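Enquirer: For the record, the sequence lines run as chains A and B. Note that the first sequence covers residues 1 to 136 in our numbering. Note that the second sequence covers residues 1 to 384 in our numbering.
Source of the hints: derived by calculation from the structure; they are not laboratory data. The structure displayed is predicted, hence computed values, not measured ones. Be careful, since some hints might not be right.
Stated by the list, open to error - Selected chain A positions facing chain B (in silico; Cβ < 8 Å):
id, residue
1, Val10
2, Gly62
3, Tyr68
4, Ile90
5, Ser94
A virtual CB, placed ideally from N, CA and C, is assigned to each residue, including glycine.
The chain contents come next:
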Amino acid sequence: MKISGCRKIVGGSGEGAALVSSQPINFLAMVDAKTGRITDEKHELFGRSLKDTVLVFPNAIGSSVGAYVFYSLRESGTAPAAIVCTKADITTASGCAIARIPVVDLPAKKPISSIKGGTRVRVDADSGTIDSNRQI
Amino acid sequence: MELDREEERALRGEKGEALASAYRILAAIGEATGAKKLVPVKWAHVSGVNYNTIGDAGVQFLDSFSREARVAIRTTVNPMGYDMNHPEGISEKFAEKQASIVRSYERMGVEPSFTCTPYDVFDMPRKGTQVSFAESNAAVFSNSLLGIKTNKESALSALASSVTGKAPLSDLRLDEGRNPNVKIQADFDFKSELDFGLLGYFAGKNVKGSSVALAGVDSLSRPQAKALSAGIGTSGSCGMFTLGNPKAKEKISFGKEEARKIKDELSTADDGDVITFGSPQLNIEELNTLANLTEGKKFKKRCMIFCSRAIHNQAVKIGLAGRLEKAGGEFMCDSCTCLTPYVSKENYDSVITSSVKAAYYMNSSNKVGVALKDMKTIVKEYTQ
Numbered sequence: 001m002k003i004s005g006c007r008k009i010v011g012g013s014g015e016g017a018a019l020v021s022s023q024p025i026n027f028l029a030m031v032d033a034k035t036g037r038i039t040d041e042k043h044e045l046f047g048r049s050l051k052d053t054v055l056v057f058p059n060a061i062g063s064s065v066g067a068y069v070f071y072s073l074r075e076s077g078t079a080p081a082a083i084v085c086t087k088a089d090i091t092t093a094s095g096c097a098i099a100r101i102p103v104v105d106l107p108a109k110k111p112i113s114s115i116k117g118g119t120r121v122r123v124d125a126d127s128g129t130i131d132s133n134r135q136i
Numbered sequence: 001m002e003l004d005r006e007e008e009r010a011l012r013g014e015k016g017e018a019l020a021s022a023y024r025i026l027a028a029i030g031e032a033t034g035a036k037k038l039v040p041v042k043w044a045h046v047s048g049v050n051y052n053t054i055g056d057a058g059v060q061f062l063d064s065f066s067r068e069a070r071v072a073i074r075t076t077v078n079p080m081g082y083d084m085n086h087p088e089g090i091s092e093k094f095a096e097k098q099a100s101i102v103r104s105y106e107r108m109g110v111e112p113s114f115t116c117t118p119y120d121v122f123d124m125p126r127k128g129t130q131v132s133f134a135e136s137n138a139a140v141f142s143n144s145l146l147g148i149k150t151n152k153e154s155a156l157s158a159l160a161s162s163v164t165g166k167a168p169l170s171d172l173r174l175d176e177g178r179n180p181n182v183k184i185q186a187d188f189d190f191k192s193e194l195d196f197g198l199l200g201y202f203a204g205k206n207v208k209g210s211s212v213a214l215a216g217v218d219s220l221s222r223p224q225a226k227a228l229s230a231g232i233g234t235s236g237s238c239g240m241f242t243l244g245n246p247k248a249k250e251k252i253s254f255g256k257e258e259a260r261k262i263k264d265e266l267s268t269a270d271d272g273d274v275i276t277f278g279s280p281q282l283n284i285e286e287l288n289t290l291a292n293l294t295e296g297k298k299f300k301k302r303c304m305i306f307c308s309r310a311i312h313n314q315a316v317k318i319g320l321a322g323r324l325e326k327a328g329g330e331f332m333c334d335s336c337t338c339l340t341p342y343v344s345k346e347n348y349d350s351v352i353t354s355s356v357k358a359a360y361y362m363n364s365s366n367k368v369g370v371a372l373k374d375m376k377t378i379v380k381e382y383t384q
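Could you build the full structure based on these sequences and the hints that come with them?
Expert: As structure tokens, then:
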């Protein structure tokens with residue numbers, strides 16, 4: 001499956017297993033940058049690691065300092081390979097611009113569920129495309 | 001987003017790596033928020049000062065960024081981790097890392113305000129002025145009560161505004177972006193600041209847009225407005241509220257049941273080992289209320305009162321600080337409850353607080369239990 005017409009927020013490309021959530025993320029409060037894991041028991045991605053994934057989620061919420069968490073993930077080697085948002089927000093955009101993590105928005109008509117968790121996904125932010133085909 | 005020739009040159013790195021990073025941030029936010037251009041901003045308030053929030057990677061980033069970057073506009077900063085006059089219980093490592101962060105910001109030329117309540121400390125600019133406030137409670141408060149224009153900035157977007165003097169023109173910076181699409185109809189007997197904190201947390205959690213209308217709330221005292229702003233900023237992406245009964249497409253109800261659910265989510269303990277007041281830091285009015293409530297009484301548990309140094313200095317001058325110290329209150333300046341190293345699971349099982357924002361971060365980041373109670377109840381239950 002190929003999704004085109006995505007908006008480029010931060011350029012570049014990345015590939016990994018899709019980690020998909022319909023819940024927003026407070027990066028400061030819910031992510032351990034050292035391990036890359038989601039630490040909030042109430043979040044549906046609790047215990048999952050962001051490392052080398054293509055993280056698909058609506059948008060970041062809460063603390064403004066969440067932006068630094070993207071940079072910390074990069075420095076710890078636990079960053080996602082790329083990020084896909086329903087609508088990218090200021091925290092995600094600014095953090096990923098510094099961490100150099102490619103980010104795109106999904107086109108308005110494509111819901112989060114267009115991308116299946118666990119499938120191998122390639123995001124090319126510069127051309128605004130998401131390729132997902134191989135199951136892993 | 002269109003950049004002019006000078007901005008393009010800076011983005012390409014012709015004016016140094018620090019400015020190139022700043023323009024990369026502005027370009028990404030511009031794309032994300034659909035801005036067409038950058039506009040000048042008058043004041044940046046930067047978050048990401050507490051070592052517990054930005055960690056080692058943040059320390060290194062700021063150290064290197066500040067070798068070259070200088071503020072282009074007035075820049076104030078959020079609280080750091082602890083009060084350097086009260087280093088008791090703070091590890092040497094924390095103190096060293098915190099000092100490095102402070103040095104980096106000072107090298108850039110910021111005002112060492114260490115406050116999350118710039119609106120309680122400084123004269124605020126005129127209505128309509130564009131600023132970049134990263135501290136979420138300050139962004140919500142300034143947009144909603146003062147008519148100042150800022151998006152709910154991130155630590156890095158406010159930093160980018162600080163060194164460029166610019167921000168993407170989008171969302172709450174545009175008049176049309178400030179109109180709410182969702183209205184929360186409150187049918188609730190608000191008794192304390194805590195109740196407004198619960199409403200705020202509910203609003204932030206349930207409203208996806210940048211702005212929300214609150215019906216059923218006629219007017220707000222400053223402490224109530226602070227609690228409401230902090231609640232909204234904690235749980236979502238909303239950066240502004242409007243009181244009254246404006247038209248909005250979608251309506252959500254807030255009543256007893258909704259308030260109870262939020263309180264159940266945040267209040268994870270019945271009791272605690274230590275009391276903290278602040279988040280946002282207390283102002284003179286709030287300190288005065290607390291001093292009146294505790295007159296002739298003494299706290300039975302350790303009680304930390306977080307406020308900015310500017311407010312503390314005033315409180316000392318007018319005798320307010322002395323009254324609260326007599327009741328057993330300990331002032332912690334330049335810092336606040338959220339992610340403070342003063343409260344860790346190694347030394348406390350749970351904390352008593354009146355702040356919804358403090359409750360959220362004490363639970364999720366400091367990993368201690370929280371007994372969430374309003375100020376009056378805390379004084380009633382924990383003084384003699």
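Enquirer: Take the shortest C-beta to C-beta distance between A/Tyr68 and chain B; is it under 8 Å?
Expert: Nearest chain B Cβ about 4 Å off; hint holds.
Enquirer: Given a cut of 8 Å on the nearest C-beta pair, is the interface hint for A/Ser94 held or broken against chain B?
Expert: Interface hint status for A/Ser94: holds (4 Å vs cutoff 8 Å).
Enquirer: Was the hint right that A/Gly62 lines chain B, CB cutoff 8 Å?
Expert: Because about 6 Å separates A/Gly62 from the closest Cβ in chain B, which is inside the 8 Å limit, the hint holds.
Enquirer: Is the interface hint satisfied for A/Ile90? The criterion is a beta-carbon contact with chain B at less than 8 Å.
Expert: 5 Å, holds
Enquirer: Does the interface hint hold: is A/Val10 within less than 8 Å of chain B, judged Cβ to Cβ?
Expert: 5 Å, holds
Comparing the model with each numbered hint stated earlier shows that all of them hold.
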